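Asker: Chains L and P, in that order, give the protein sequences. Using our numbering, you'd call the opening residue of the first sequence number 75 and step up by one each time. Using our numbering, you'd call the opening residue of the second sequence number 46 and step up by one each time.
Treat the hints loosely; a few may be bogus.
[As the list claims (entries may be wrong)] What follows is a list of derived Cβ distance ranges for each label pair:
#, chain 1, residue 1, chain 2, residue 2, range
1, P, LYS84, L, PHE182, 42 to 48 angstroms
2, P, VAL80, L, GLY217, 31 to 37 angstroms
3, L, GLY177, P, ASP76, 56 to 62 angstroms
4, P, GLY379, L, ALA261, 45 to 51 angstroms
5, L, LYS185, P, GLU415, 42 to 48 angstroms
6, P, THR236, L, LYS84, 52 to 58 angstroms
7, L, ARG180, P, PRO63, 37 to 43 angstroms
[As the list claims (entries may be wrong)] Once the Cα atoms are required to be at most 30 angstroms apart in a straight line, the calculated DSSO-like pairs of lysine-lysine come out as:
#, chain 1, residue 1, chain 2, residue 2
8, P, LYS111, L, LYS265
9, P, LYS129, P, LYS111
10, P, LYS62, P, LYS79
11, P, LYS111, P, LYS84
12, P, LYS194, L, LYS360
13, P, LYS402, P, LYS232
14, P, LYS349, P, LYS274
15, P, LYS180, L, LYS360
16, P, LYS235, P, LYS180
17, P, LYS194, L, LYS361
18, P, LYS81, P, LYS62
19, L, LYS224, L, LYS94
20, P, LYS198, L, LYS361
21, P, LYS274, P, LYS242
22, P, LYS167, L, LYS185
23, P, LYS180, P, LYS232
24, P, LYS198, L, LYS265
25, P, LYS242, L, LYS185
26, P, LYS177, L, LYS265
27, P, LYS198, P, LYS180
28, P, LYS84, L, LYS265
29, L, LYS265, P, LYS81
30, L, LYS265, P, LYS138
31, P, LYS326, P, LYS274
32, P, LYS167, P, LYS111
33, P, LYS274, L, LYS265
34, P, LYS79, L, LYS265
35, P, LYS274, P, LYS111
36, P, LYS274, P, LYS346
37, L, LYS265, P, LYS326
38, P, LYS167, L, LYS265
39, P, LYS381, P, LYS326
40, P, LYS167, P, LYS194
Treat the hints as calculated values from the structure; they're not laboratory data. Keep in mind the model is a prediction, meaning the values are calculated, not measured. Backbone N, C-alpha and C define an ideal beta-carbon position, used for all residues, glycine too.
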Amino acid sequence: MTKFSVQKIKSSLTEFISSKGGKCALPVYILLTLGFVAPLFMVLGFSFATPRSFSAFTSFSLDNFIQIFDGSTSVWRSFLWSIALAAFVTAILAVVCYPVAVGMVRIFGSKTSTFISILFVFPLFVSENVRLYGWILFFGKNGVLDGICKLLGFHGPDILFTPGMTAMGLAYSYLPYMLFPVIMGVALVPKDLITAARDLGSSRLRTWWQIELPLAMPGVLIGMLLTFVLATGSMSESKILGGQSIIVITNDIDVSFTFSQNWPQGAALAVVLTLIIGSLTLYAFKKIDLDKLMGRS
Amino acid sequence: MISSKNEVTQNVAEEIKPGQPLLDLVNVCRDFDKVKVIKNVNLVVKKNEFFTLVGPSGSGKTTILKMLAGMDQPTSGDIVLGSKSISTLPPDKRPTCMVFQFLALFPHMTVGQNIEFPMRVKGMRAEDCIAKAQKLLDLVHLPEDYYNKNVMKCSGGERQRVAIARALAYDSEIILFDEPLSAIDAKLRKTLQKELKDLHRRSGKTFIYITHSLEEAMFMSDRVGVLCKGELKQVGTPEEIYAHPVSRFVAEFIGDVNIFPIRVKPTGGWGSTDFPGQLFKVEPHGDDLEGYIIVRPEALKLVKEGTQVDNVIECKVLNQFSLGSRSQFQLACGKKEITLELPRSEVDLNSVGKTIKIGWNAHDAIFVTE
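Given these sequences and hints, build the entire structure.
Answerer: So this is what it looks like as structure tokens:
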């Protein structure tokens, strides 16, 4: 990594802005600054404000952060639930999507593959909340499943509004985000290498473990990262399908900003969540050398 | 003792003595969607020989190699190792190992890990693997410190050597080569050809090589098989194939040749439609045969006063090319173009446009019927 110095950044920044490309990109920069950096900055400002006040940038207090960690609230549980659920869903999706991706890349014809892709993308055309309420209709009392079971003479399973249902909802919502990067990863593995490994006496399992999986890993990792980050930041699944049987951290943040009108606390929670996910992501990217996996280092 | 799934076939192969038939292809056919890609190929590969299958693209040589490796199976016919049929065995149960056209090195592994891969598969101890990998690096003329080098950072020629070392590490009796030198520049190719020939001698393995370049085949092989449209046209030593091609196709494939259609004349001589009114003397081949005579450019002689040759024709010199120690001439006799090759010392440097007489002796011409 190159060394950063303020001078260097300053000079390269002025150079960039004075260039034609820099001038053309200016609207984008303004938009990103106003729409992306400024709100984050506001959140950061609020997180250091006096609790239950709206005096961002005019007051300074660490109480919001202390409250999170001093054990007086059970907010740490929400953090744990969010991260645990996201990790669980990411693992499940990786296991589910890999074989589907292998099938689509190596086994099915291009027609079947296109059809399956459309099947997976199709639900994205409909709003997530609408789809989740659809599941309620399916699993709810006197819903599709329960109704069919009753016709057959017994009660349907009571699985709605449980943590398991939240996980199911998350897996359902974020499946495409895992599937498509994994497909790309699997497609990147040259078939020749698999044939060569088999020719050198390697068993199917060993070939998969030592050749195919490591080479498909960039795609799998990107998929895992996407689903993990999105699942940690999700709220509707636990609210709608989970029926708040568990409280995830995004729910806590939502409540702080709305019902309890404690913006500084919500902001502090958001900052901590951002830091946790950000550092996990950075750690993952640092640990896993994509270039090396691709054989380019 | 290392146990491996291909032990049985490997043992069969090891028991055969050098020079004895090792692989026997019996009436091997391969159809793809009713198209006959390989037609009734019969071929014997002897143990420890460097055998090359050569043919233009689409002649089916890669298909044969894949069937030998176990990546494809014959539609009919049999592939026999010693006395054991191996037609239906998968790649990992055959005593073969393939060096691929695009090498198929594992990009996420170092040179050392690539070479060690087949040894680790066999369950060899780590220190034995490292020791053998180092030996193999030396054998393929790669420096010792390449062991930890990323394989993707190696040059084309170096990767080539890594691929060969990896195949040798598998220690199979037969190593198959699928045009591994086709993507390498001419100068390096020559070096690698020499090394490969040398490696064949030192390793004591049976090499089966395929290429579309007959020159490459002649350069390295003990025996060559010429394939055309799925049929094996001729098998023999490079000298046999050069001196006695069985057909026009084989003769033309080997290099520049002059081919004249020939038919028996009622007067007893042999006439060519290319040279109306002229009779040529040909070695006796029985009566009433139609076919071609093949005269190599270097078998043609410049006819001066006192030169004794059986057949003489008059030609005009169209072009002259220098080949270094020799010169090649493009001549025209009527509408027929002829190629002549002469040593540099015999060449008149300014002969373009002149008319010259050339000739050949009957025993220098090869008669073929197809």
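Asker: Are the hints correct? Go through all of them and say.
Answerer: Verification of the supplied hints:
Roughly 33 angstroms separates the CB atoms of P/LYS84 and L/PHE182, a value that falls outside the hinted 42 to 48 angstroms. Here the CB-CB span from P/VAL80 to L/GLY217 is close to 57 angstroms, at odds with the stated 31 to 37 angstroms. For L/GLY177 and P/ASP76, the Cβ-Cβ distance of about 28 angstroms falls outside the hinted range of 56 to 62 angstroms, so the restraint is violated. Checking the proposed 45 to 51 angstroms range against P/GLY379 and L/ALA261 shows it is violated: the Cβ atoms sit about 59 angstroms from each other.
For the hinted restraint 42 to 48 angstroms between L/LYS185 and P/GLU415, the CB-CB distance of approximately 46 angstroms keeps it satisfied. Distance hint check for P/THR236 and L/LYS84: the Cβ-Cβ separation is about 54 angstroms, which falls inside the suggested range of 52 to 58 angstroms. Distance hint for L/ARG180 and P/PRO63: a CB-CB separation of about 42 angstroms, consistent with the stated range 37 to 43 angstroms. Note on P/LYS111 and L/LYS265: the hinted pairing holds, with a Cα-Cα distance of about 15 angstroms set against a maximum of 30 angstroms.
Straight-line distance between C-alpha atoms of P/LYS129 and P/LYS111 comes to about 18 angstroms, which keeps the hinted pair within the 30 angstroms bound. Between the alpha carbons of P/LYS62 and P/LYS79 the distance comes to roughly 39 angstroms, so the proposed pair goes past 30 angstroms and is violated. Our distance criterion of 30 angstroms between C-alpha atoms is met by P/LYS111 and P/LYS84, whose separation comes to about 15 angstroms. Restraint check for P/LYS194 and L/LYS360: the C-alpha separation of about 22 angstroms stays at or below 30 angstroms, so the hint holds.
Taken as a hint, the P/LYS402 and P/LYS232 pair is broken in the structure, with Cα atoms around 38 angstroms apart against an allowance of 30 angstroms. This hinted pair does not check out: P/LYS349 and P/LYS274 have alpha carbons roughly 43 angstroms apart, beyond 30 angstroms. Taking the CA atoms of P/LYS180 and L/LYS360, the gap is about 36 angstroms. The hint is violated against a cut of 30 angstroms. For a cut-off of 30 angstroms, the pair hint linking P/LYS235 to P/LYS180 stands: about 24 angstroms separates their Cα positions.
At most 30 angstroms may separate the alpha-carbon atoms for a hinted pair to count; P/LYS194 and L/LYS361 meet this at roughly 21 angstroms. The suggested pairing of P/LYS81 with P/LYS62 is violated, with an alpha-carbon distance near 35 angstroms, which exceeds 30 angstroms. About 70 angstroms separates the Cα atoms of L/LYS224 and L/LYS94, which puts this hinted pair outside 30 angstroms; it is violated. This hinted pair checks out: P/LYS198 and L/LYS361 have alpha carbons roughly 22 angstroms apart, not beyond 30 angstroms.
A hinted pair counts as satisfied when its Cα atoms are at most 30 angstroms apart, and P/LYS274 with P/LYS242 qualifies at roughly 28 angstroms. For the given pair, P/LYS167 sits about 40 angstroms from L/LYS185 by alpha-carbon distance, which is inconsistent with the 30 angstroms threshold. A C-alpha spacing of about 26 angstroms is found between P/LYS180 and P/LYS232, which places the hinted pair at or below 30 angstroms, so the restraint holds. Pair hint P/LYS198 plus L/LYS265 holds up; C-alpha atoms about 21 angstroms apart against a cutoff of 30 angstroms.
Restraint check for P/LYS242 and L/LYS185: the C-alpha separation of about 48 angstroms exceeds 30 angstroms, so the hint is violated. Straight-line distance between C-alpha atoms of P/LYS177 and L/LYS265 comes to about 28 angstroms, which keeps the hinted pair within the 30 angstroms bound. Distance restraint check for P/LYS198 and P/LYS180: the Cα-Cα separation of roughly 21 angstroms lies within the 30 angstroms cut-off, and the hinted pair is therefore satisfied. Restraint check for P/LYS84 and L/LYS265: the C-alpha separation of about 28 angstroms stays at or below 30 angstroms, so the hint holds.
Distance hint between L/LYS265 and P/LYS81 is fulfilled; the C-alpha atoms sit about 25 angstroms from each other, no more than 30 angstroms. Restraint check for L/LYS265 and P/LYS138: satisfied, since their Cα atoms lie roughly 20 angstroms apart, inside the 30 angstroms limit. For the proposed pair P/LYS326 and P/LYS274, the alpha carbon gap of about 33 angstroms is over 30 angstroms, so the pair is violated. At roughly 23 angstroms between alpha-carbon atoms, P/LYS167 and P/LYS111 fall within 30 angstroms of each other, so this suggested pair holds.
Our distance criterion of 30 angstroms between C-alpha atoms is met by P/LYS274 and L/LYS265, whose separation comes to about 27 angstroms. Restraint check: the Cα-Cα separation between P/LYS79 and L/LYS265 comes to about 26 angstroms, which is no more than 30 angstroms; the hinted pair holds. For a cut-off of 30 angstroms, the pair hint linking P/LYS274 to P/LYS111 stands: about 16 angstroms separates their Cα positions. Proximity of P/LYS274 to P/LYS346 is assessed by CA-CA distance (about 35 angstroms); at most 30 angstroms being required, the pair is judged violated.
Distance check on the hinted pair: L/LYS265 and P/LYS326 sit about 58 angstroms apart at the alpha-carbon level, beyond 30 angstroms; violated. Pair hint P/LYS167 plus L/LYS265 holds up; C-alpha atoms about 22 angstroms apart against a cutoff of 30 angstroms. Under the criterion of a C-alpha separation no larger than 30 angstroms, the hint pairing P/LYS381 with P/LYS326 is consistent with the structure, at around 19 angstroms. Among the hinted pairs, P/LYS167 with P/LYS194 is consistent with the structure: their alpha-carbon atoms are about 23 angstroms apart, no more than 30 angstroms.
The structure is inconsistent with the numbered hints 1, 2, 3, 4, 10, 13, 14, 15, 18, 19, 22, 25, 31, 36, 37, although it conforms to all the rest.
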